[in-house]
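Trainee: Listed below, chain by chain, are the residues.
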Amino acid sequence: MSQQAQKQESIQDTTIVDTDVHLSVPAKEVAKYTDEPYRSHMANTGYAPLPSSGWDRNLAGKIEHYTVQSPEDVQQRLCEEFQIDHPILNATSKLPRLPQSDLAVNLMSAYNDLLIDQYLDEYDHFYGLASLATQKPDKAAEELDRLGDEDQIVGAYIATTGPNPPLGDPEYDILYQAAQDNDIHIAYHGSGGAFMFEFPRQNQSFEKFIEVHTMAHTWSQMMTLSSLLVHGVPEKFPDLNFTFLEAGIGWIPMMMFRLNKEYSIRRSEAPLLEKSPEEYIREFYFASQPIGEANDPKHMKQLIDIVGVDSLTFASDYPHWDFDHPDALEQYLSTFNEEGRQKIMYKNAADAFALDL
Amino acid sequence: MTDHIVAPADELEEGGRIITELNGREICVFNIDGEYYAYNNWCAHQAGPICEGNITGTTEASFDPESLEVSLDYCREGEILNCPWHGWEYEVKSGKCLSRQKVQLPSYAVRVEGEDIIVTL
Ligand code: FES
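Chains as they are written, first to last, in our numbering: chain A, 13 to 369; chain B, 1381 to 1501.
I should point out that these hints are in silico values taken from the structure, not numbers from a laboratory.
It should be emphasised that the depicted structure is a prediction, and the values quoted were computed from it without experimental measurement.
The beta carbon of each residue, even a glycine, is placed where N, CA and C say it ideally should be.
Incorrect hints may have been included.
Derived list of chain A stretches under chain B, where covered just means 3 residues or more per stretch with a C-beta under 8 angstroms from a C-beta of chain B [claimed, not checked]:
# : stretch
1 : 150 to 159
2 : 328 to 342
Computed cross-link-like contacts, SDA-like style, restricted to lysine to any residue with a CA-CA straight-line distance of at most 20 angstroms [said to hold, decoys possible]:
# : chain 1 : residue 1 : chain 2 : residue 2
3 : B       : Lys1482   : A       : Asn307
4 : A       : Lys220    : B       : Glu1440
5 : B       : Lys1482   : A       : Asp308
6 : A       : Lys248    : A       : Glu286
7 : A       : Lys220    : B       : Leu1478
8 : A       : Lys313    : B       : Glu1440
Working from the sequences, and respecting the hints, build out all of it.
Mentor: Okay, here's the thing in structure tokens:
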């Protein structure tokens, strides 16, 4: 056992659910699960078949490029090394940004089949999120109906950087209805790689990835959260849970309090809402990663306190370059009682995705 | 304080490193330009395996208030140890972290005696 694994005595007895684990699926691998002509498209495109922003995530080799390409990678590196009991896996962030919607729809089923076939069928303690293509909400709804009986598919992964219109639009009601009918809860996830589609100035004006990456996820999640509330999505689909991944938690108080203020003045623009924005936001779930690094740790504790012990879930974001080890969150939980720590490390995630733990 | 033999000196070439377990701790000895440096394999950020990272240079900048020019300089090749997990940069010779002034990798005395590299814990 490595030194890293040995030292985590405090978390060894705690069950941990990791709400954001990424697979690194090679194009040729997912191609096996597609139909023609998409299979040949994936095999024959001279350039990378799925668009990428081209930023250097690994700082010219300073950061190791880790990948997850087999269920054993998840089992050994996360479950064994990081003491994660239940990783919730997602297979791709790229679908909603693809200009070709028929390709996106075919890839949607392909990624989901791969996730089930290669990962969830291998380990009973793994869970998965079905990736959705948002270009055709009726097709996403069909996909959720198709996957409704898969016990280990516990949520729908919707990339929030890319979908147009924003995700509260009534165009997506058919998707949310299918998710609610199938007891598949929603997980939203922003992305630095797609931010150039959302916000073209990033590639025209920013010179460094640090600028793009600091803003991309939170910006996309803020847009999504505003859109959901203004269109009354939580009122329309009261049995759905919503979890926001990979934007940390610093943006949440700002959105709660700012939306409260806006709503008090402009209630007539969000007429489906029946209570304050803050109350809805407190019913959503938020993943910890990337955990903020305040110079004074007390400020992180205060932030966690504001977001609330009933809303926070742990996420590692492994294997991406800004992943968090569980200790990165645990160090701030000492002031909570055992019940509070358990909620944050696994019970909230179990509620958010109706896990049978 | 106890001396531990890590390896024969001729097994650690310039630019090389040896990671070994001493007293239940993973310790790494680097040979940089013929000098030896020993650290815990434990990053101050999130306890990643710092000593397994690449050794590179880094980018520094200076601002000239006269001309208002910023000059970038990729420098210190071979002197910067980067954590493989999230890229925190440390000076391999001092253990000082470049982005956090107060952070420093704990180091150990290391010397060559006879044929052997010896670390004192
Ligand atoms: S653990 Fe070393 S940089 Fe994060």
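Trainee: Could you check the structure against the hints above and give me the numbers of any it violates, in ascending order?
Mentor: Hint check: 1 and 8 fail, others pass.
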